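**Q** Chains as they are written, first to last, in the working numbering: chain A, 12 to 200; chain B, 26 to 465.
Check before you lean on any hint, since a few could be wrong.
As the list claims (entries may be wrong) - Label-pair distances were calculated between CB atoms; the ranges are:
hint	chain 1	residue 1	chain 2	residue 2	range
1	B	LEU86	A	ALA46	17 to 27 angstroms
2	B	ILE241	A	GLY193	49 to 59 angstroms
3	A	SER84	B	THR204	45 to 55 angstroms
4	B	GLU261	A	ALA46	50 to 60 angstroms
5	A	GLY166	B	ARG46	22 to 32 angstroms
6	B	ASP44	A	ALA46	29 to 39 angstroms
7	B	ASN65	A	THR50	21 to 31 angstroms
Unchecked claim - Keeping only pairs whose Cα atoms sit at most 27 angstroms apart, straight-line, the calculated DSS-like set for lysine-lysine is:
hint	chain 1	residue 1	chain 2	residue 2
8	B	LYS105	A	LYS66
9	B	LYS35	A	LYS39
10	B	LYS265	B	LYS105
11	B	LYS322	B	LYS146
12	B	LYS265	A	LYS66
13	B	LYS31	A	LYS39
No lab work stands behind these hints: they were computed from the structure. All values derive from a computational prediction rather than experimental measurement. Where a beta carbon is used, it is the ideal one built from N, C-alpha and C, also for glycine.
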Amino acid sequence: MTKRPDEIQGEPIETETAGDLSRRTFLKMLMGVSAVMSTLTFAPLANFFIAPPVKENKDRKKIGNTKDLPEGSTRIFFYPGDESSHRSFLTHLPAEYLEEAQEEGTGQFISDGFVAFNTVCPHLQCPIELPDDDAFICPCHGGFFSIIDGTVLGGPAPRPLPAIRLEIDKASGDIYAAELIGKIGYGRD
Amino acid sequence: MSLIYKFMDKLEEFYIWLDDRLKATILSSVRVITYPSIANVQANLGMATTIMFLVTIVTGLPLLIYYRPTPWSAAYDSIKYITEEITFGALLRGVHYHASNGMVLLSILHAIYVFFKRLYKGRFDFLWLTGVVLMVLTVLAAFTGYVLIFNDRAVEAQTIMLGITEAIHPLVKSLMAGTGLTDRALRLYAFHIAIIPTILLALLSVHLPRAIRISIPVITVIFASLFLATGIWPAELGPKFDPAGTPIFMPPEWYFLWIFTLLRTWAPVIYVGVLAPGLLVVLMMIAPWIDTGRRPKLTDRPEMAIIGISSIVYFIYLTLRGLSGVGPPAQQVMPVEVIGVLIGTVLASTAFFKLITPMLLNGAKKPKKKIQAYLPLNTATGLIAAIVLVQGVLFYAFANAFIMGNSKLVSLNIGLILMGLGMSQHVYAIAVKPPTEVKN
Numbered sequence: 012m013t014k015r016p017d018e019i020q021g022e023p024i025e026t027e028t029a030g031d032l033s034r035r036t037f038l039k040m041l042m043g044v045s046a047v048m049s050t051l052t053f054a055p056l057a058n059f060f061i062a063p064p065v066k067e068n069k070d071r072k073k074i075g076n077t078k079d080l081p082e083g084s085t086r087i088f089f090y091p092g093d094e095s096s097h098r099s100f101l102t103h104l105p106a107e108y109l110e111e112a113q114e115e116g117t118g119q120f121i122s123d124g125f126v127a128f129n130t131v132c133p134h135l136q137c138p139i140e141l142p143d144d145d146a147f148i149c150p151c152h153g154g155f156f157s158i159i160d161g162t163v164l165g166g167p168a169p170r171p172l173p174a175i176r177l178e179i180d181k182a183s184g185d186i187y188a189a190e191l192i193g194k195i196g197y198g199r200d
Numbered sequence: 026m027s028l029i030y031k032f033m034d035k036l037e038e039f040y041i042w043l044d045d046r047l048k049a050t051i052l053s054s055v056r057v058i059t060y061p062s063i064a065n066v067q068a069n070l071g072m073a074t075t076i077m078f079l080v081t082i083v084t085g086l087p088l089l090i091y092y093r094p095t096p097w098s099a100a101y102d103s104i105k106y107i108t109e110e111i112t113f114g115a116l117l118r119g120v121h122y123h124a125s126n127g128m129v130l131l132s133i134l135h136a137i138y139v140f141f142k143r144l145y146k147g148r149f150d151f152l153w154l155t156g157v158v159l160m161v162l163t164v165l166a167a168f169t170g171y172v173l174i175f176n177d178r179a180v181e182a183q184t185i186m187l188g189i190t191e192a193i194h195p196l197v198k199s200l201m202a203g204t205g206l207t208d209r210a211l212r213l214y215a216f217h218i219a220i221i222p223t224i225l226l227a228l229l230s231v232h233l234p235r236a237i238r239i240s241i242p243v244i245t246v247i248f249a250s251l252f253l254a255t256g257i258w259p260a261e262l263g264p265k266f267d268p269a270g271t272p273i274f275m276p277p278e279w280y281f282l283w284i285f286t287l288l289r290t291w292a293p294v295i296y297v298g299v300l301a302p303g304l305l306v307v308l309m310m311i312a313p314w315i316d317t318g319r320r321p322k323l324t325d326r327p328e329m330a331i332i333g334i335s336s337i338v339y340f341i342y343l344t345l346r347g348l349s350g351v352g353p354p355a356q357q358v359m360p361v362e363v364i365g366v367l368i369g370t371v372l373a374s375t376a377f378f379k380l381i382t383p384m385l386l387n388g389a390k391k392p393k394k395k396i397q398a399y400l401p402l403n404t405a406t407g408l409i410a411a412i413v414l415v416q417g418v419l420f421y422a423f424a425n426a427f428i429m430g431n432s433k434l435v436s437l438n439i440g441l442i443l444m445g446l447g448m449s450q451h452v453y454a455i456a457v458k459p460p461t462e463v464k465n
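Just chain A, with the same shape it has in the complex (with noise of 0.2 angstroms):
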């Protein structure tokens, strides 16, 4: 090591004058914005990891037929698209549930005796079980939904299962999922 003149002579001599001072510590400050700076352009990087939206297919689908659901049956199907999230039960409903839907004004989601419905629960995202009696039923947590409009009876749940708006061919006999009515998942809004 080479030494400093102030070094050499021993006493240690107060060479940092106020100016001095003023100057290390305004250097300093300059490495930190630099260094701040420096770290802060890595921050958006983290976008990374997030994947872009998948596209969901607006498109309606066929999801079954009436003569293959007598009253009173339920079947699984998919929709708008074949994630797990995307769980949906189609209802053929009896005819007292129809009666009753038309005393109480619940049947906006109702064509022709069939109503679907996004079978994910809406408090923690569990399978919901299939109709027993006029509820599905959330194994879970013991969340209750209408068969008819589902909307919540009881239990946690925060928001009534998202329904799905049906078409159905006259002629055929084919049922379409059209639209998605409600937010899948977990959530208030």
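Could you slot chain B onto chain A? The hints should help.
**A** Same frame as chain A, now just chain B:
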């Protein structure tokens, strides 16, 4: 302001606490030394290679999220998806690619430096041996990486690899080939992401010295150059491999061009594809034991100088020769030419080191001047302020490029901003501390 000072105090307290606790871990056996003043690039090549390796890990791990190794056709599609759909996917691929290339290049330069400085003698012969193995593994890691793209060039390289491994032994071939293209994809993938890196890390632990010297400006400039390179030359995607098609032949990556030239002599593959590279590796491994010179000066060990210089010149010749006459169809490289240049190179370097250099060295020796870099504080402050100002402008450009979604410009700007940081670190290092005298 006082809040900031309080925060800094707390930070320092935390640092002291952490430092104390870490002394009880394995890290305490590693000593990290930062250079006090001037950046010494040639002595930092090993450190730079290690940094490149770490960069390939850091950029490679996120790529695992989107890459699909099987079936083989999904591999190409997933890389296309990363490059075209994912934000900064092309950037990350580019940095990964350039870091892998940089790792190969720097490991070669590191070996050349150690060879000519005669740093492999004594206890360091073991480090040299592990270093040679590390270099071979580095090339293999880079190779298994670029064949995972499953474009025309990748599958061509795979088939040539199969040919060469078959020349070694059919069992070696079946180890790499598996039962088909998809199985091969998974094997190469396993080698690339797990098997080779694990061996590399294990060997690295017996290659790195206990006292690790790092130069912060050099590291920063390395980072910067990776981003700059990505901004200028993005990683290739190329056309997807089509089993029914006849792809246009493309030369391999630069570190295989020399073998490519040798293969085009049409000599049996076992000689030019297996024994020639093997000879190079063996020659490198025994170098510490055939080197009997007492001092690192080349004039004191002309035999090693001849071997070293002629190897490098011949390597460069074979590499450049690999780029000409590629075709299609690829033209033959005459064996006479390859052997002739080898003999010529050895003769020329022998003549140089045995005859010419001793004559030239009869004159008086010039004393070496030591570079002493030192900047007055005022000048340094001005320089750094200017750099930070430019960085500010670049940062604005960077933010703009990010908002516009221009990945190339983002990469270039990151590179330039980091380059500025490296420069200011260097200026800071030579300004704040007076130059230290290096004792030899």
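**Q** Now tell me if each hint is right for this structure.
**A** Do the hints match the structure? See the list:
no. : hint                                    : result
1   : B/LEU86 x A/ALA46: 17 to 27 angstroms   : holds, 24 angstroms
2   : B/ILE241 x A/GLY193: 49 to 59 angstroms : holds, 56 angstroms
3   : A/SER84 x B/THR204: 45 to 55 angstroms  : holds, 47 angstroms
4   : B/GLU261 x A/ALA46: 50 to 60 angstroms  : violated, 34 angstroms
5   : A/GLY166 x B/ARG46: 22 to 32 angstroms  : violated, 48 angstroms
6   : B/ASP44 x A/ALA46: 29 to 39 angstroms   : violated, 20 angstroms
7   : B/ASN65 x A/THR50: 21 to 31 angstroms   : holds, 25 angstroms
8   : B/LYS105 x A/LYS66                      : holds, 18 angstroms
9   : B/LYS35 x A/LYS39                       : holds, 19 angstroms
10  : B/LYS265 x B/LYS105                     : holds, 9 angstroms
11  : B/LYS322 x B/LYS146                     : holds, 14 angstroms
12  : B/LYS265 x A/LYS66                      : holds, 24 angstroms
13  : B/LYS31 x A/LYS39                       : holds, 17 angstroms
Hints 4, 5, 6, counting from the list given before, are not met by this structure.
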